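A.B. asks: One-letter residues, chain by chain:
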Amino acid sequence: MDDIITLSYGSGGRKTSELIEDIILPHFRNEELSKLKDGAVLEGFEKMVFSTDSFVVNPYFFPGGDIGKLSVCGTVNDICMCGGEPRYLSLSFIIEEGFKTKDFLRIIESIEKTAKMCNVEVVTGDTKVVEKGKGDGIFINTSGIGTLKYDFLGEDRMKDGDLVIVTGNIGDHGVAVMLEREQLFTGINLVSDCRPLNVLSKEILYFKENIKIMRDPTRGGLATTLNEFVEGLELGIELYEDRLPVSNEVNTACEILGIDPLYSANEGKITAVVSPDIAEELIEKLRKTEGGEKAAIIGKVTSNHKGRVTLKTEIGGTRILTKLSGMQLPRIC
Amino acid sequence: MKTIRLDINGIVQGVGFRPFIHKLVNDYNIKGWIKNTSSGVLMEIQGQDKSLINFIQDLIFKNPKLSVIEKIKVEEIENTTIYRDFKIIKSSENKEKFTLISPDVCICDDCLRELFDKRNRRYRYPFINCTNCGPRFTIIKDIPYDRDKTTMKNFKMCEKCEGEYREINDRRYHAQPNCCFDCGPEIYFIDKEGNKIEKDPIKETANYIREGKIVAIKGIGGFHLCCDALNGETVNELRKRKHRDEKPFALMAKNIESIKKWCFINEAEEKMLTSYKRPIVLLRKKYDKTFEYISMDNRYLGFMLPYTPVHYLIFEEDLDVLVMTSANLSDFPIEYKNEEALERLSSIADGFLMNDRDIYVRCDDSVVREFNGKEYPLRRSRGYVPFPIKINEDIGKILACGAEQKSSFALSRNNYIFLSQHIGDMKNIETFDFYMHQINHFQNLFNVKPVKIACDFHPDYMSTQYAIKKSKEDGVLLCFVQHHHAHMASCMADNNLKKDVIGVIWDGTGYGIDGTIWGGEFLAGNYSGFKRLGSIKPIPLPGGDRAVKDIYRIGYSVLYETYNKIPEDFRFYEDYLAIEKMLNKKINTPYASSIGRLFDAIASITNVKQKASYEGQGAVVLENISQKTEEYYEFEIKDINDILKFDWTYVIEQVVYDVRKNISPSIISAKFMNTLIYVSSMIVERIGKMTGIKDVVLSGGVFQNMYLLPQVKRNIELKGFNVYCHSRVSANDEGIALGQCLIAYHGGDIKCV
Ligand SMILES: [Fe+3]
Ligand SMILES: [Mg+2]
Ligand SMILES: [Zn+2]
Ligand SMILES: [Zn+2]
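Residue numbers (the UniProt record's numbering), protein chains in the order written: chain A, 1 to 333; chain B, 1 to 753.
It is worth saying that the hints were derived from the structure and are not from the lab. There's no promise every hint is true.
As the list claims (entries may be wrong) - Pairs of lysine to any residue residues, derived as SDA-like cross-links and limited to a Cα-Cα distance of at most 25 Å, are as follows:
id	chain 1	residue 1	chain 2	residue 2
1	B	K719	B	I693
2	B	K470	A	K294
3	B	K549	A	D260
4	B	K585	A	F55
5	B	K470	A	N227
6	A	K294	A	E228
7	A	K312	B	S613
8	A	K312	B	N338
9	B	K585	A	K294
10	B	K472	A	S34
11	B	K390	B	N415
12	B	K586	A	P63
13	B	K581	A	K294
14	B	K581	A	I188
15	B	K472	A	G232
16	B	K586	A	I188
17	B	K472	A	E231
18	A	K312	B	K390
19	A	K35	B	K472
20	A	K306	B	R344
21	B	K585	A	T186
22	B	K549	A	E249
23	A	K312	B	S330
24	B	K565	B	D658
25	B	K581	A	V191
26	A	K306	B	D474
Claimed, not checked - Chain A is faced by these chain B residues, among others (derived, beta-carbon under 7 Å):
id	residue
27	S275
28	L329
29	P459
30	R546
31	D575
32	A578
Claimed, not checked - Chain A is nowhere near these chain B residues, computed Cβ spacing over 12 Å in every case:
id	residue
33	R119
34	E211
35	M354
Model, not experiment: these values are computed from the prediction. Cβ coordinates follow ideal geometry from the N, Cα and C atoms, glycine included.
Whole structure, please, built from the sequences with the hints as guidance.
C.D. replies: What follows is the structure in structure tokens.
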């Protein structure tokens, strides 16, 4: 650990893991939190999923969504990814002095609308305001509880030969927000993919035990999430460049920005490892579902290159997709 | 009469050392025995005083050409036994098993004579070899070096070969790869469809080449892709199939006379070309237009001479000069296994000249050039590896993991540092697997379990991640070493320097201790530490690595830094507005204080290169077009927080002025490089005054530029400094592992964990 916490500790990469594992976890050691899943499965009258997330986004209104919608989707999606059906949400705001009431209302409305779509109730909450200059407009935290419907998901169930799917174009949210924030180009209309995944995840889990693990590849992008799937396992994941669904807009923007869509955030996509027996059928089903039109099989689980995610490129090499430590740093000498 | 025990360390196995000893004992009437040990040979000899002295002298001064004696321990012992004859005793393995291993060696003159001697039983045998020649490193799986520990294990020697192998007076006595038509491997030709062709494989290969086809030829350390170099159409077809747009190809010529038709060769260069290591030597073209489709960006051609029997047999078919480039798909390491080659090269090669002798480890051709009458290595690989770099101190056992794109590693054992062969760019898993396999192989071959692991400070290098994991698994101390400090230490070790030096370290990219990218550094210090006393004004890289490929972005970037906008007459591409915004808002725009990037900027502003198809191309092109001139640009050096920084904005203004006046890029390029020469000597002079240091080392990839290197050296020397350059390892990132070893040993690493 460095002496001070720098920006890269929030990047979702290795530094973030370091922060969580070395600083936070030791103080809250319990079985559930240690698993570092998107949500916790708790024993009560029935099995439940419990998850929390904080939302910091600039700008807080962007094409395809806003921080309110994002903060509901984020927690709801995490519960869905654990096989849960989301039920209740908590909602906390940290607002910077001077924030416009009109904007706040717009955010609240967006939250309400999204919560209805997801069939969840906000049951508890909190609001704090901080001095001007001590916050960046608005921060939101949500926690959620859902009932566990499908308790079989886990990376330990992945097998050599399983297939990797994604429910649509990758990298949209990260690039859309960046373009909106920086106003870089005219002529590229990019919309965030921010959406609740309760319907899509149900479509996937219809295939029961044929689904091994699933997650929404948010911060750090698809490459980072898939790395988390295989980290420390005797299995690896191999992706095929020519099968990755990427929109032309994202491609063009990424070319110019010099960033890789595989590391750009998504807020309305699921990636899953599934049995090859049902993969085709699942893709067909997803393509008929709203938000899943571009679903595709993008790779497979292999026993080669243990613990690593690789990308078969179109010219034939096999690029290693690592978890980055922070920003993408130049490495060409 | 006396009895003496001789313990000899060095390269003394499999290089005709014991037959040589045998002859010598006869000459001096000496009795006793000799045996191979894992660290060399051990002998007990008995004879007259005088004979013994002569014997030892001959041993030291007349040893066979491939043997290298590193250490002799002489010990007199009691005459307890009286020996009647001289015997060779079976090898024994001692606990501290360690022996130097010979690199692969080109076919020797004796074998070459036999190859073309109709009466010889090995007439035209493609695998002829003896103790003075043939494959070594690439076929050895383990030590001690015996046939059953090589890939020749599969071939049982026939009676005749076995006879030679056992006959101490024979050139093939204990030649482990010894074989012949009756018992050894064979060559065969496979066509595009994968069918074995029942014709003379050499003649078939030659026919294919003459017809303008591309043949994959299995060699010593891997496959080559080969075609007629005189056939521009075929060469361009090879470029297309290999996805290699502009990077030069290596050539192999029938003989030295043939090379002289196209290139100038001085004495030193001829010596390198004909040495048993047979590297590719970069030679000055006689006419700039010569072989433009082979090497379009520079005035040099990379030539090598034939080094295997197969090469000689092919050239015997009335061929003169061939393209011989490593056979691989763009970013893969060189192909070396038959099945994989057939599969992966099917889209490139029209035919395959195969054989059934397995290659155990890959080894690409080495590349050198001449500088000051000495070798200036660019890629140290076949013919050199695994011969160690010897240094003048014992640093124990350290593994240094190298850098990233030109990755290599080093394993030290006391005074020896074993540098790996060329490995390649580790962004691909195939290359990374090769890297990890080689580290294990070297650890095993040289029996080294490292007590420290050194790696680059860049957090996302695969080599760094490997080092972190390995240090955890093995419970070994990990040392992070700053990239340019490692370059500096590498050049120090190359020259056996230990005192404080000033390092002028110019390259493309390396991670600095302040979290920015460095590459135009003036460091002062030694193995155990350094101070950054000089550098250049940082250059924004809009899009990170993307800018290193689309170098016009770097042109934009320096213009923007100079004028706060991109002037209209330099907006080469549509995306200038977006790039301008990225620069303005610093979006995905890291900063690099790199000379390599400054070259990119000038290449773009002068419009000689806007997109690089291989790394460092901007600099290569500028070196190529430059015309000698004494002119240079005025420049400023600013003291910013005690670092002397070359502010290039004023230079950019003058370059822009010249471009607008239609001054030729050839002149601008030379003026720019002259400026760098003055910048280097002026900053060094000022650092010299501050620190009192008198020795200067030059390292980093920029010092592969043959316009800069000699003049930077001379100008700094004129200021009264001793200037040292590389002669044993490469100035680019391949040489970094050597420096990492020494820094880790001396505790000069960055303590950050
Ligand atoms: Fe470097
Ligand atoms: Mg979450
Ligand atoms: Zn020979
Ligand atoms: Zn034989």
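A.B. asks: Next step is simple, just say for each hint if it's right about the structure.
C.D. replies: Comparing the hints with the structure gives:
1. With a C-alpha separation of about 12 Å, the suggested pair K719 (chain B) and I693 (chain B) falls inside the 25 Å cut-off, and the hint holds.
2. The suggested pairing of K470 (chain B) with K294 (chain A) is violated, with an alpha-carbon distance near 41 Å, which exceeds 25 Å.
3. A threshold of 25 Å between alpha carbons decides the hint, and for K549 (chain B) with D260 (chain A) the separation of about 15 Å falls inside it, so the pair holds.
4. Taking the CA atoms of K585 (chain B) and F55 (chain A), the gap is about 23 Å. The hint holds against a cut of 25 Å.
5. Restraint check: the Cα-Cα separation between K470 (chain B) and N227 (chain A) comes to about 19 Å, which is no more than 25 Å; the hinted pair holds.
6. For the hint pairing K294 (chain A) with E228 (chain A), the CA-to-CA distance comes to about 24 Å; that is within 25 Å, so the pair holds.
7. Only pairs whose Cα atoms come within 25 Å are accepted, and K312 (chain A) paired with S613 (chain B) is accepted, the gap being roughly 21 Å.
8. Only pairs whose Cα atoms come within 25 Å are accepted, and K312 (chain A) paired with N338 (chain B) is accepted, the gap being roughly 22 Å.
9. Taken as a hint, the K585 (chain B) and K294 (chain A) pair is broken in the structure, with Cα atoms around 33 Å apart against an allowance of 25 Å.
10. With a C-alpha separation of about 21 Å, the suggested pairing of K472 (chain B) with S34 (chain A) holds against the 25 Å cut-off.
11. A C-alpha spacing of about 6 Å is found between K390 (chain B) and N415 (chain B), which places the hinted pair at or below 25 Å, so the restraint holds.
12. With a CA separation close to 23 Å, the supplied pair K586 (chain B) and P63 (chain A) stays within the 25 Å bound.
13. Distance restraint check for K581 (chain B) and K294 (chain A): the Cα-Cα separation of roughly 32 Å exceeds the 25 Å cut-off, and the hinted pair is therefore not satisfied.
14. Taking the CA atoms of K581 (chain B) and I188 (chain A), the gap is about 15 Å. The hint holds against a cut of 25 Å.
15. With a CA separation close to 14 Å, the supplied pair K472 (chain B) and G232 (chain A) stays within the 25 Å bound.
16. For the suggested pair K586 (chain B) and I188 (chain A), the alpha carbons sit about 20 Å apart, so the restraint of at most 25 Å is met.
17. Taken as a hint, the K472 (chain B) and E231 (chain A) pair is honoured in the structure, with Cα atoms around 16 Å apart against an allowance of 25 Å.
18. For the given pair, K312 (chain A) sits about 41 Å from K390 (chain B) by alpha-carbon distance, which is inconsistent with the 25 Å threshold.
19. A distance of roughly 22 Å separates the Cα atoms of K35 (chain A) and K472 (chain B); the hinted pair therefore holds under the 25 Å criterion.
20. Taking the CA atoms of K306 (chain A) and R344 (chain B), the gap is about 23 Å. The hint holds against a cut of 25 Å.
21. Of the pairs offered as hints, the one joining K585 (chain B) and T186 (chain A) holds, with about 16 Å between alpha carbons and a cut-off of 25 Å not exceeded.
22. Under the criterion of a C-alpha separation no larger than 25 Å, the hint pairing K549 (chain B) with E249 (chain A) is consistent with the structure, at around 21 Å.
23. For the proposed pair K312 (chain A) and S330 (chain B), the alpha carbon gap of about 13 Å is at most 25 Å, so the pair holds.
24. At most 25 Å may separate the alpha-carbon atoms for a hinted pair to count; K565 (chain B) and D658 (chain B) meet this at roughly 19 Å.
25. Proposed proximity of K581 (chain B) and V191 (chain A) is supported: the alpha carbons are some 21 Å apart, at most 25 Å.
26. This hinted pair checks out: K306 (chain A) and D474 (chain B) have alpha carbons roughly 19 Å apart, not beyond 25 Å.
27. The restraint placing S275 (chain B) at the interface with chain A is violated, with a minimum CB-CB distance near 29 Å, outside the 7 Å limit.
28. For L329 (chain B), the interface hint holds, since its Cβ comes within 7 Å of a Cβ in chain A; the closest pair sits about 4 Å apart.
29. With its C-beta approaching chain A no nearer than about 4 Å, P459 (chain B) sits inside the 7 Å limit, and its interface hint holds.
30. For the restraint placing R546 (chain B) at the interface with chain A, the shortest Cβ-Cβ distance is roughly 3 Å, inside the 7 Å limit, so the hint holds.
31. For D575 (chain B), the interface hint holds, since its Cβ comes within 7 Å of a Cβ in chain A; the closest pair sits about 6 Å apart.
32. Interface restraint check for A578 (chain B): the shortest CB-CB distance to chain A comes to about 5 Å, inside 7 Å, so the restraint holds.
33. Every CB of chain A is more than 12 Å from the CB of R119 (chain B) (nearest about 48 Å), matching its label as outside the interface.
34. Taking the minimum C-beta to C-beta distance to chain A, about 26 Å, the non-interface status of E211 (chain B) holds against the 12 Å cut.
35. Consistency note on M354 (chain B): stated as away from chain A, and its beta-carbon is indeed over 12 Å from all of that chain's, at 21 Å minimum.
The earlier numbered hints that this structure contradicts are 2, 9, 13, 18 and 27.
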